[in-house]
Every structure is written in structure tokens, then in C-alpha cells.
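Trainee: If you're matching them up, the sequences are chains W, S, C and B in order.
Under our numbering, the first sequence has 290 at position 290, and the numbering climbs by one with no breaks.
Under our numbering, the second sequence has 183 at position 183, and the numbering climbs by one with no breaks.
Under our numbering, the third sequence has 63 at position 63, and the numbering climbs by one with no breaks.
Under our numbering, the fourth sequence has 351 at position 351, and the numbering climbs by one with no breaks.
Rather than coming from a laboratory, the hints here were simulated on the basis of the structure.
Just so we're clear, the structure is a prediction, and the values are computed from it rather than from any experiment.
Don't take each hint at face value.
Cut-off 20 Å, straight-line C-alpha distance, at most; resulting in silico cross-link-like pairs (DMTMM-like, lysine to aspartate or glutamate) [what the hints assert, rightly or not]:
hint, chain 1, residue 1, chain 2, residue 2
1, C, 335, C, 351
2, S, 352, W, 168
3, S, 157, W, 208
4, S, 157, S, 211
5, W, 157, S, 278
6, S, 335, S, 296
7, C, 335, B, 154
8, S, 369, C, 298
9, W, 369, B, 68
10, W, 301, B, 326
11, B, 357, C, 324
12, W, 133, W, 10
13, S, 157, W, 278
14, S, 352, W, 125
15, B, 157, B, 129
16, C, 301, C, 125
17, W, 335, W, 362
18, B, 335, B, 362
19, W, 352, W, 278
20, B, 357, C, 39
21, S, 74, S, 161
22, C, 352, C, 364
23, W, 352, W, 364
24, W, 178, W, 208
25, S, 178, S, 211
26, C, 352, B, 208
27, S, 133, S, 63
28, C, 352, B, 362
29, W, 369, B, 296
30, W, 357, S, 278
31, S, 335, C, 125
32, W, 352, S, 125
33, W, 178, W, 211
Chain by chain, the residues run as shown.
Number of protein chains: 4
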Amino acid sequence: MATYQPTPEDRFTFGLWTIANPGRDPFGDAVRNSLTPVEIVHLLAEAGAYGVNFHDADLVPIDATLAEQAQIVKEFKQALNTTGLVVPMATTNLFHAPIFRDGAFTSNDPRVRAYALQKTMRSMDLGADLGAKVYVFWGGREGTDTDSGKSALDAGKWFREALNFLCEYSIDQGYSYKFALEAKPNEPRGDLYLPTTGAMLGFIETLDHPEMVGVNPEFAHEMMAGLNFMHAVAQAWDAGKLFHIDLNDQNIGRFDQDFRFGSHNVKQAFFVVKFLEDVGYNGSRHFDAHAYRTADLDDIKAFARGCMRTYLILKEKAQQFQQDQEIQSLLTQIKADDGSMHQYFGAYSREKATALKAQSFDRDGIAAKGQPYERLDQLVIELLLGARE
Amino acid sequence: MATYQPTPEDRFTFGLWTIANPGRDPFGDAVRNSLTPVEIVHLLAEAGAYGVNFHDADLVPIDATLAEQAQIVKEFKQALNTTGLVVPMATTNLFHAPIFRDGAFTSNDPRVRAYALQKTMRSMDLGADLGAKVYVFWGGREGTDTDSGKSALDAGKWFREALNFLCEYSIDQGYSYKFALEAKPNEPRGDLYLPTTGAMLGFIETLDHPEMVGVNPEFAHEMMAGLNFMHAVAQAWDAGKLFHIDLNDQNIGRFDQDFRFGSHNVKQAFFVVKFLEDVGYNGSRHFDAHAYRTADLDDIKAFARGCMRTYLILKEKAQQFQQDQEIQSLLTQIKADDGSMHQYFGAYSREKATALKAQSFDRDGIAAKGQPYERLDQLVIELLLGARE
Amino acid sequence: MATYQPTPEDRFTFGLWTIANPGRDPFGDAVRNSLTPVEIVHLLAEAGAYGVNFHDADLVPIDATLAEQAQIVKEFKQALNTTGLVVPMATTNLFHAPIFRDGAFTSNDPRVRAYALQKTMRSMDLGADLGAKVYVFWGGREGTDTDSGKSALDAGKWFREALNFLCEYSIDQGYSYKFALEAKPNEPRGDLYLPTTGAMLGFIETLDHPEMVGVNPEFAHEMMAGLNFMHAVAQAWDAGKLFHIDLNDQNIGRFDQDFRFGSHNVKQAFFVVKFLEDVGYNGSRHFDAHAYRTADLDDIKAFARGCMRTYLILKEKAQQFQQDQEIQSLLTQIKADDGSMHQYFGAYSREKATALKAQSFDRDGIAAKGQPYERLDQLVIELLLGARE
Amino acid sequence: MATYQPTPEDRFTFGLWTIANPGRDPFGDAVRNSLTPVEIVHLLAEAGAYGVNFHDADLVPIDATLAEQAQIVKEFKQALNTTGLVVPMATTNLFHAPIFRDGAFTSNDPRVRAYALQKTMRSMDLGADLGAKVYVFWGGREGTDTDSGKSALDAGKWFREALNFLCEYSIDQGYSYKFALEAKPNEPRGDLYLPTTGAMLGFIETLDHPEMVGVNPEFAHEMMAGLNFMHAVAQAWDAGKLFHIDLNDQNIGRFDQDFRFGSHNVKQAFFVVKFLEDVGYNGSRHFDAHAYRTADLDDIKAFARGCMRTYLILKEKAQQFQQDQEIQSLLTQIKADDGSMHQYFGAYSREKATALKAQSFDRDGIAAKGQPYERLDQLVIELLLGARE
């Protein structure tokens, strides 16, 4: 039996905030002390992670002095150095401080919009200093509780202007960041703008530097809206925009649960892992999750290890899927193509269109042919359950 | 009191299928005979509609001979002529016939993909013959019940190839169509590809002729996923892609209900109407809904009139919103801008970035300022309820 | 135009926690200072409320000394006295303190279960001292994030034992409380036990004193699961178990929003008000909502007034519904009953069954008769929009 | 490796309608011919099922003559005899025929209500003739699309009267039926009355013969509302009301999918199987599902076998859970109870209450103790994935 022991080659990363999560929620206080960033780096290294990511405020308190910041960063770099962990991604906390109560880049208050820009530039400086190559934007409060008082068009314009400005800033500073936009449908606002990975992909094309900007799809966020996460990841990949990914778990139609990866929607998690491995995605597998509020420190460690172990188990199953002769035989049957229709595909020509319009199809005959999806899917379920060979 | 009597200037349209709906559902048979296309044209004209749209199969049965088709089209044109109704939009039925049981453009069977192309070209010919300028694509079965047997990447590629081919066909035939892609998250498949208007906007940018292709957002389809429909419409408008719109109603997280416009989510319907009127959208207001299965013919007429009446009532309220001094005064307060931050917005410059990074912000002072959204929203609710003089 | 000014006869109540809500959420800190209980009483009195309800910890901090508690209660009573407000309901906070991280009555830790009993008895004493007649149980953390580690049967047994014990305590102390159980489907746990009002009604029948125990249905909680709140209220009323009601608003399939009553689901709110007024419900109309996180003090006041104003507007519309001749005429048509079937209804007899089995029905003829629900519903929408005469 | 071959002792049953499903849905026609009842009996027997259930109309067409019915029943009994299959459950189709377009027992039309009674009595006769002991009530159209035109109180009263009548009919005929009520939140109506298993449990207590009436919880129906199905089953079991169960699968917040059991929500299916096996439920495991619309006959067989195989695999895992020392050790830790609190539990006494009120609790100390739910849940996931030795 495999050990499912992660290595840096697996590119597993965690946010500082995921391990530091103190178990506070809308109905209750914090239940545990947060580890310090340095402690978290060591915990993650011990668990086998490749990297650690952060919001500015996870590492440096919002009211730290420059001297305090320097000291914090110095100690953090030492911990990275000691452990070998890297910082592939950084991001800005634009939602926690009360100043962001009506949003950051889309706040109706121009002072807040300007402050959000400032905070992001400073945070980009910090991330670059620590080697981050991907910069994530999650607009935690970019939305509305009522549409009575904010213009969706203005909000879109403001968000675009901010991203255009920050792209230029990145270029100007020589940071070579790729930006990754992260969508979420709601919470903590009633509705967030650009609520899905798809919406972000559409939005990117309206920017000045679309080539710098991709997406950071999050499993839980797409699930909140009941969408198929693998489909969203596939669309991003197809568009060349899968710059980062947030793996966790979530039940549909609920508050943001950020469950341990693979702990709720087993089958969906499998298809996501299978997709990433099949296409050769080589970016971070970032776990944006946290332990249950009932967890103590041992349980937090089990949570972190569990995210990675389940990924590795599912990755092994994705390989078994490719090697399983019965599965592959059904897939061959499903994808049968005798080539007779190839003449009609590919680039348009008038001749092709004319010929196709004249082609006779045995509609009933074709319709009568089913596809063995029940057979195949049952094999997949049994593969997942470890009940094949 | 206003009469809320629709006129052609209101650009209200209905699909043939909406009035013809026989009340069949997964748990029961048809409960009423469908009116003929000619009867529907007359019914809609009498009710005050501007136009009528159709799927190929709504007008011409899938197995009609060319002679039968010619006769049907002739009678339909006569009815349009008599009543003055126009056909602004046409579309293809790629979901009803059993041949499409695994999708059309994304079927694993190449014969089905070829047939879908053929059927769409023929349907485009029919639509063009009747004057349609917008061609809608709703891929009713383009998705999966299990992801075990279909590749999301292949499906995306096939759908793209089909649209590229059909764009060329439209150009080649001189049809001057605009294509409008309609998203839906699920049903009748477990998950449909490109499930939201946002996903469609992202997808369009991967096509050969993105300038020809926009979206047809549908109220009910976005609501099925619990998304804010007005936000989706605003994103499409912002991108210059709002080529058509489907108005109806729906409760979140349910089967496709296609309720009478404005009959369930009153407030959300108001914000949609307000948006369309505020920005000056001048396309069709297409009602893609149907009467309850309990409806008889009189009730179907009431349904059609009700869609339009409610739109007009909400349009009047959108005007009242603009004229209401208390509302406008709150909006002025909400959007207050003393100009002091303007120096930091707009195009990037290094000087601007440097100055902004050095700017001091009174974070607590700014945070302390609330926004009167409860006051404003309560006024909006009272406006909606007719309780503001 | 009516003034919609609430009076004590309207029996509008608010929880201390609703006005005191500091705007803390999972992604951000408190944004405003909470008013004191005394300040809240005065605010509510000024706004026209009838009463104020509380959790033990809303009034008396969990670590207050007895002397401190006495002083707090004294001042609170003075405020009630001054303003005329009453305390119709009290409840226990069994979710905020970290000790409840795995539930209270259903915690796996017997010490927590014992402490929850103690805390509830003390809180019942406090409520009785202030005149409360209804005692609400909302088990904020009575549920699971994973079903791996807690037995649903044990949890049900423990909850039942606790309620049985507390019923006896109430009787023994002569408190004459009625208990009202409040259901919620999820949040802050992944799944809460007894997730709907219906589940609570089923559970009550397994208690030792079902006659003492009813329900406190909450609009937002049923909406979270996408259920029809009026139907749940009707079932409770039908069973004689509508002991209290929590009015607020919520979008389906989201985190607990606790929006201002009537601010989101206008039509559903109308049917709830109509139901309560039609049946003559004479208990509290309790608003368990809070102002948006963007709200300042003026906005909190507007929020409180808005809940009551919207109720009164909808109540007026419920009266108009009864008086609207066109609506009533359609209802008469809908409910037509020529009495010919009465012979088959009511108590069973063998003769009746035999006769009914032999009765001939014109199945097609009956099926052909539709119901004018589109006509009626459109009138209701126009009534709601203030567009009828 | 186990063979997972079902035997009659497993008590697996299917409805005639599940195998006969022709693949019709709201957007498309039937795609395959239905097998006859006799063919279905043989198919199920070959697959290893124990029994077959039916709606009246599944077996006997609604317009069959008595002679036709006699012939159909005779052939069906022969098939049962030949194969050894039994009929543990029967039910009435009160939703398919157009006469039920506004409901059956809750229709506003008294003729429909009377006809529904008649149809049910006749169907009960048929079921009894074939040996059914459980009689299921699923009110497919007992609900509303708008609440404008039907009284929820009247509907409840009518449904209760019908059930009271039919209980007496069963007694009078000596049928010894147990009634099992099946809830569903919506579809094909906008909202169905008594939408959850919990609501049914509450309703049962308002009947004349509550002892005869229990529930038939369905996995998919509870999932549609996003509820935890195992919790609902546990409540029913706790109340002594688990008279039948419908196993299938479903994604949350969607149309009624009736997926193959265990094919979507793997973890939730496990907890359901574990519950049924742990408590010793000895009723039918009824699969109320159907094959994908893409399925041909071979795939329908694979679907039927797959439901049973997955159940058996999960049953094996439930046994492994009980035998896994690491899992059991964590459970022992989780449920630790030193007995010190036992003095406060059980029946109320004034002394007990007094002592408990005086008991001192180390609130912070107790709160500091976490529970190893992440550790345990990860083991459960690995058990499910076949990754534990």
C-alpha cells in the first residue's frame, strides 16, 4: 500500500490563514490561539508541504510599524530558509478591516477605493520580496446586500480601473506577477460581483492587460452556487487562464465551509484531481481550507495532512482509471468515430456547408444507440471505493 | 392610474413555444392542446406584443417535407403581415429529438455533432427568411450526468468549432446575424457546460469572431444557481454583449420553472427592468416563460398580458425612483465624492503610485462612516409596494 | 395614505441582539459599538415596538457576578417600566461561548450537556423574572460538521432528555412557560439536527410534555433550505403549535442573512402576513433580523422601523385582498363546490367506500377544466405593487 | 475480494417505474421502449433483487377493463411465482393523469378529491391482492405554483381526511397495511405541502390512526432541499416510523434526478447504509432511481446491479468501521464519559435541579478540549476510498 507522503514535487501549498484559523464564526468567539507565521511554516514543512501563501495582514498586522514589519519578514524568511518552503502566491486582505465594510475597489467611497489600491501595492511589494509569482485577488466585500444603492456598472468600471492600474504597477516594478482573480457568489455580502470563475474569465477580456490576468478557481466557491467545479477549471485551462487553484470542500447552498479537501464531495474531488493530472497542470495545489472549529492542534495537523493525502490517493486513482482495461474499453466504445463525419468538421468552406446540408442522417438509428455511461460510472464508483481488483 | 397597455415600442416578444406549452412535465402528460403558430401570432398581437420568436421545430415539424415547410412558412408570414408582428430572433431546437440524448454540438457521437450543424444551418436559413437578426444558442443537452464519460475539454473544443463554423456560414450567406449564447446551469442534464452568463462571456473570447457573438441571459437560469440576474446583465452590457434577454421568473435551486415575469422575485425583477431602462437597452424584451400547468386558454392569455403589464408597472417605478427626491437625496449622500482622491485614479503613472503609497488615510474615521442603505432600501420597498404617495 | 405607525396592539417585538448587532461576520471585525440593553429598550419604544426579547447573555454577561446581574436587571426593568415595553419571550445563548463548540444539549461531552442544562435553568429564572411567557430553544450548534463522530440517535435522545427535564423544571418552578423550538438547517454547523419546523413538530410528539412545546418558525431559516415559509407556519398553526414566530428575510441557499423583514422576498412575506392576520394569530410578531453591516445608528433605527412598516403595509394589502371583488370572484370560481361529492367525504363507512368505488368520474372532462391561477396571481402581484385602483 | 452479489436476504427492491423509465423529460421525448411488467420482474430477479413495487398505473393502465386487469395481474403473479420475487409495497399514481393537474387529495376541485380516494382504494385492493404490506403515499402534485389560490389549511385538512378515511378502509378490508408518507420539497409544483420527512412526522400525529402511519424518506427528495438524509432517517427511526426507505442519489438544489444509488454523494450514502445496518433496519431497501436518459437496455441492467453492488460495498465498509481499531479508539476518546455528570441526567427532581444549578463548571477548561473529528473523518474518507490496509 502506498504511503501517500507528500513531497515538494507535489506542489502542495497552504495559506497562513488556513492553519491560523482561530475558529471564530458568526455565532461564536475564537476557540484556539493562532500559531505564529513562523510556527505555521514549520508545521507545514513537517507535514510535507511545498509552499506557504499569505494575505499581507496574515504576516504583518495592519498597524505594524516599518521596523516591526522588517523584523517579522526577517524571521519569516529565516523559517522559509530553514525549512525549504517557498511562497508561490500572495494576496491582499481587502475585507477584514472595518474600512472595507462596503467593499474595497468597488466601495462607493473614493477614499476606500484609493486606500485599497495603496494597500494592494504595498502588499504586492511584500509578496514580491518573498518571491511570490502569482498574485491573487479575492474581493471579499465587492458586492451588495441591496442593489438599491450601488451601481453594478460603476462597480465594474472601478474594479477594472484598479486592476489596470495594478497591472501597470507590477510591470513598472518589474515584479513579473501573474494576477489570478478568484470568484465567489456571495458571503459576506448578499451577492458578490463577478460571482463565478466564468464571470471572471469574461471580465478579464475587458482589461488592458488580459495576458497578465487569469483565474484562481476555488472548489468551495463554485460549489456554493451548485456549479460543477471541474467544468469551471476546464474552461479556465482551455482559455490558458488557470494560474492558480484553491482546493477545499463544501456542501452546496451553504455558508462558506472551507472543509478539508476531499472530505465531502468525494466524486467531484476525484474529477478535479484527474483533470489537473491529465492535463499536466504544474502550478500550486493550494489548500484554502481550515480545520473544524472543534479541532485542537493535533487535529489541525491531521487536517493539513489529510488534504494532501486525499489528493495523492485520488491522483493514484486517476492513474488507475487510465490503466483500467474495462474502463478504457468502455471509453473507446463511447468515443467511437469512424471518420465519416470528419469531412464536415474544421474550418468552414461553402462546399463543406453545402455538402453537410445535403447529408442524410438516420435520425432514429443514431438516437437508438445509447451510451454505456451507467456501466462506466459504476466502474468509477467502484474504483473510488477501492472495490476494483 | 396608468393602463399599462403594451405597444410595439415596448419591444415585447414571446417564443412560439411559450404560448404553445402543453403543460407536459416529468410527472405528467400534456393537459391542453397547443395553439398553432398562426393562432399564437394572433393571440400575441391581440395582447400587444411586438414580436414572436421560434425554434425551427416550433414552426416546422422536424419531419415536415419541403412542401409542407413552404406552406407553413407562407401561412405564418401571412399572419405576421396581418398583425404587424415581427420575428426578431430565431433559434434551433437541439434538445428535444432523441438523437440529442447525449448533447448536440458536444455529443460524443460525431454523427450527432454533424447533424446538429446541419440542423442549425437549416434553421438559420428559416430564421433569416423570416427576418430574424439575432440567433440564439441554447445548448439544452450540452453537458453531462456523470463526468466519467465525456471530456470537458473536448466538449469545449467541439462547441467552439461549431460556433466558428456557423459564424462563417452566417457571413457567407450574408445573414448579418448576431449570435446570442444562453447559459443554464443544469437540467435536463446534471450539469450543463458554460453554466452561467459569465461563463459564456469568457467563452466568447476564445472564438474566431467574438465580435459577432454575445449573450442571451435568462432570468430563470441565473436564479437556478442562486445568482443575481441584474449583475449578470450588467456584466454583459458592460462588455457590449447584451444581444438579447430572456425574462421570466424562478425560485432558486429548483427545476426550470419559467414563471410569468415578475411573479415570484418582485424586487429582483424591478432591478432588472430598472437596469434595462436606465442604460437604454433597445433590444427585445423576450418572455421565455409559460403559463402554469393548471392554465386554460384564458389563463394563458392572462399569463402573456401579465408578463407585459408587470414589466410596464416596474418601468414606471424605475422612473419614480429617478424622480423621488428622498431617494435621490440619499443616493447623493451615498455617492459623495469631494474629488480629493481623483489624483490617484485613472491611468497609471509612477508618480501617481508613489504619491498614493505615501498618502495617509484615517482608516478608523473612514470606517466609522456608514451608508444609509437600510433607509434607501426601505424606500425602494415602499416604492415597489405603492406606498410612497 | 396610511401612516403605518406601529402601536403595541401590533405586538411587534425585537431581540436585544438584533439592535445590538455589531456587524461582525466571518470575514470581518465589529464595525460599530453595541447599544446597551437600556438604550435598546428606549430605541425600540420610540420606534413603536411592543416588546423586547433576549438571550441570557444579551442582558447579563456570562461572567457577571450576582450583584452585577441584579444591577443590570434593575436598570432594565426601570427602562421597561418607563417605556411600557414588555418581555414576551426569553431564550438561552447555547452557541457563543467556546464551551459549546461541539453543541450544547447534544455535545459528546457530558459536562457540556450538564452545563447547558444549568445555563438554561438560570436563564429561565431570568426570563420568568422579567415576565416572559414563551421560552425559545434554538440549538445553534446542535449538529455536525461530519457525521463520523456523533450519533444522530444519541443526539436526539440527549436533546429529548434535556427538554423533558426543563419542562419539569418550568412546571416545578411555576413558570407557566410555553416552549417554542426553532429549527435551522445549517450554519454554524454543516448540518443541524431537526433542521426544519416540520422536523420539530415531529420531534415534539416524542416528548413527555408535548402540550407544553410548540415551535418558533423563522422565515430566514426555512428559506435557507428553499422551503415555503408560509406552508411551514400553516402546518404549525394547524397543529396548534404556533407559539412564536421569527420574521426576517433571506435569500435561498445562502449564509444566515437575517435581512429586514419584507426586504427581499416581497411576495412570500405577503403570504405570511396574510396567513397570520387571516387566522387571527395573536402572539408576538418577532423580528429576528439585523441591519446591514454598512449601517450606522440612524440606519439601525430605519431598519427597525422598516420591519414594522412593511408588515403594516402588507397587512393592509391582506385586507385589500379580502375586499377586492375581482380577486374574490376568482376565488369563488376556484373553490366551486356543488356539494355532489360531500357524500363521500367525512368519516369512513363501508357504505360510503362502496358507493365511492362505484362512482363514475368523467376523468377527461374534469381534467379539461383549468384554474384561473395566472389571472388571480397577476392580480395579487398588481395588488402588491399598488397597481390596483 | 467480495463479489457483492445481492441475495433476497438483502431485501433490495425496485419499482416497476424505475426500470420502465422511458427517458422522457421536460425537454425531450421518450428515447426507449419500456419493458413490460413481466419482463421487468425477470430482469430484476436475474439481477438479484428481492422484490418489486408498483403504482397502480405501472401495472394496470388507467383505462384497462376489469378483464384486462385480471389478465395482467395473472401474468404478473406468474412471473413473481416463477422468479420468487415478492411485492412488499404498493402505491397510487396520483400525479400523471391530467385530472390531477391541481393535486389529488388537495385539489380545489371536490370531484378530483373524491376520484383520488376512489383510485387509491382500488389501488390498495390491487396491492393487497399482490401481497403488499406497506402502502406508500407520495403526493406528486399536492402543492402550489402560487399561494394565491389555495389555502394551506384547507389542503392540510383535506389530506388528513383522506388519510383517515383510507386508514379505516384498510382496517375495514383487513389489509393490515402500514402507510408510509413520502415527502418532497418541490417539483412538479413550485412548492409541495409537507415538504420534508420531518414535516410528515409532525403531520402523522394529527391523524386518527397515527400508529398505522409512518414515513418513506427518499434520499433524493431530502437532498433537493440540501438536508442531511441520514439525520432525517434517524429521526424517523427514533420515532418508530421508518416503515420504508427510497434509496437513490441527487445533487442538491436541482430537478429530481433519481440517480443510481451511491453514484453522486458517496459519503452521505455511506452514512445512510451504516445507519440502516447499525440499527438493524429490516425493511426493504427500495431503489427509486432510474438509468440516465443515455442508457440502453444493457445500461439499465448495469444501473440496477450498480445500486445493489454499491449498497453492499458500503455495507462492508460499515462493518470495517466497526472493526477498525484506530477509528474505534478515536470514538472512545470522543465519547469519553467519567460518569461524574450522570447524577444530573435522567428524570427530573427538584433536588437534581438544585444541585445542578449549584455545580461549578470550568468553562474555559472544558472549552479548551477539542475533538479529533478531523482525524476521524480523514480515516473515514480513507476507509471509503479503500486506502486503509
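Trainee: Taking each numbered hint in turn, which are not upheld by the structure, reported in ascending numerical order?
Mentor: The structure conflicts with hints 1, 3, 6, 9, 11, 15, 16, 19, 20, 21, 22, 23, 27, 28, 30 and 31, although it agrees with all the remaining ones.
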